[in-house]
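Colleague: Chains as they are written, first to last, in my numbering: chain V, 2 to 264; chain U, 29 to 478.
Careful: at least some of the hints might be erroneous.
[As the list claims (entries may be wrong)] Restraint-style ranges between C-beta atoms, simulated for each label pair:
# : chain 1 : residue 1 : chain 2 : residue 2 : range
1 : V       : 74        : U       : 304       : 31 to 37 Å
2 : V       : 47        : U       : 67        : 48 to 54 Å
3 : U       : 282       : V       : 229       : 37 to 43 Å
[What the hints assert, rightly or not] Just so you have them, the derived chain U footprint on chain V, three or more residues with Cβ under 8 Å:
# : region
4 : 111-124
5 : 247-256
[Stated by the list, open to error] Just a few of them, taken from the derived set where beta-carbon distance is under 10 Å, the chain U residues facing chain V:
#  : residue
6  : 39
7  : 46
8  : 51
9  : 52
10 : 67
11 : 78
12 : 92
13 : 132
14 : 136
15 : 309
16 : 353
17 : 356
18 : 357
19 : 358
20 : 359
Because the hints were derived from the structure by calculation, they are not lab data. Backbone N, C-alpha and C define an ideal beta-carbon position, used for all residues, glycine too.
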Amino acid sequence: MTEEENIVLLCEDSLEGIFTGIYEAYALKKPHDGIFLQIMGEGDMLLFATYRTVAPDGVKTEKVIRTLRSRFGEKDYFALCLAASSAAPDKAQAIYKTVVWGLSGKCRGSILDHLADDNVRRTLELSRSAGNELHRMQEFLRFSELEGGVLYAVIGPRDNVLPMLTVHFADRLPMENFVICDENRRLYAIHPAGKEWFLMSGQDTPLLAGDEGLKMTAEEEYYQELFRHFCHKISIEGRKNLKLQQNMLPLRFRNYMVEFVEK
Amino acid sequence: MEYLAAGGMTVMDKLGILSDAAKYDVACTSSGVDRKGNGRDMGNCVAAGICHSFSADGRCISLLKILLTNECIYDCKYCLNRRSNDIPRATFTPEEICELTMQFYRRNYIEGLFLSSGIIQNPNYTMELIYRTIWILRNRCRFNGYVHVKAIPGADPRLIQLTGYLADRMSVNLELPTAEGLKNLAPNKHRKTILAPMRQIQNGITENKNELVLYRNAPRFVGGGQSTQMIIGATPESDFQIMNVAESLYQKFSLKRVFYSAFVRVNEDKALPALPGGPPLLREHRLYQADWLLRFYGFKAEELLSEKRPFFNVMLDPKEDWAVRHLEQFPVEINRAPYEMIVSVPGIGVKSAMRIVNARRTASLDFVSLKKIGVVLKRALYFITCNGKMMYRTKLEEDYIVRNLTADVKNRQQFASDGMSYRQLSLFDDTVLGANPTAADNGKVASGQL
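Use the sequences and the hints to build the structure in full.
Modeller: This is how it looks when you write it as structure tokens:
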């Protein structure tokens, strides 16, 4: 045991939570070796440590974001945000230690190039895997048109990528009213046509398009059928390779995709 | 709900026929253009490309890949839509295509439109229809997503140029690797008429780049570059010939991509080879691997193959094959060797090579950190040292390395599981392969002794 007791900061599972945690860790003004960051309710408990809960704080988060942006640049800052959206339980610690390393003054160039350091490598791993999940959501998300013309999609991503995903779709469909719902976290991204989008969290189990209360337009079924027909016709019988298909498009995505849902 | 189109055929029927007819086209990527949305019109483009689904053959569905029409005045022997085939014919109107594209795009089914066509009446008429479709899509529907169109060989250069200003990528199909093959299988097509629009688009892109330097808002001409495709296995060319053609296309025509399409026998014709083992998928796979070596790894076609070794190895991928024949250049010292050498090691790709070069600036790398960086040590360990040490005691001997690289040969034969090997594809091959090769034979093939 060291003379000083280890301190574990418990933070909320969100970007705000983790960044506030990092702020508090610096505010302690103690050696970083003795400070750990943990997501609340995740990971193993340490025996000789004091636990402190950190409440997410907007102002502190802002300060951390400003520092990270100016010191690391936009690209690395975005990579850190992606890592923070990951579903892995050890993300808070990895990001915290990466930031400490990056700000220590020993680091030249992009922090994420320093892969010989285990925390940096882990952060890059998390960031890459969340980035892949984001990309897959951009690929496999399917909108349905509800009566009234609103586009509605339900997704079930592993990582919390809904905000980044909505940025993509807001750029792509600026003049559409759309709602994307993260089924696992009960989060909704709402984009009114031509206006800024926003996030909402709900309590109830999200509805699927076509459920009672969410009626699809008649055209919607027609276009779904057209697309199913297209997917069926575009495949070459002589090259059939279901294993390859499953490698590229794992089964967990298919429940949300019109071409794989049995009608 | 019934959507009857002209001629009593529903849009559903037409989509079925015309996507069925377009499925042998392989250039279905949506990459190469980064265009943000303009805040008003629908659509943007992502440079990496987005695949929206994968069909049962494992190929991606990125664009709405359809023909404008499958009517055709030509009679190419390999083509499903040739004049002499008795198949249902259909033609989309430009408005139908636009409506489909917009509605699919809105629902995030597709990344854009891939429009090809059979030759209806004459090349000019066909190209005009294509141009009209894209014009409506861009100007009336205000579509800002990805558009890939075929330039029809023999069409008026003016039409091709106008279309180029509306499309993100254009392609002219080379169809077959050599002029001779083209003469045999596609009697109505000529090498010259195919290369002319290709050259025109290349020059257009170069000129446009100069314009864009001067005027930032000048209209873009084929911003995503030009691609082409050729059919593999319908004519008796060797891999060496094909790679040489591809290389000169990249160098002389500055193409973005060359696509290889394993020949699928859709017509019964005496001029076409029989393919008892199905399409030559392994060969196609090897060609793509070699294509990547040309474009991203700095290899040249004559380094990979030669007149004496005109075909790729079945057992080893082209990079492994090259490495075991150039052992004098190995082992490579990870902590000191230049990037070009590191990237030539089997098991190290462009990304891991970049990571190695960046990471070794601050720390000395060992095999554990290489593994974490993403190097495939199973393949790389025979060719590298870290701080002067190899990972295990291995011999730097061709036979030894080949034996070890092909040890898990079962996995590597996924393409050849139906007994197909690349040798059977060649029309004029005089060796007859009987039973499946044994493990010992595999080793011999790999080391070039068979």
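Colleague: For this structure, which hints from the list above don't hold up?
Modeller: 1, 16, 17, 18, 19, 20
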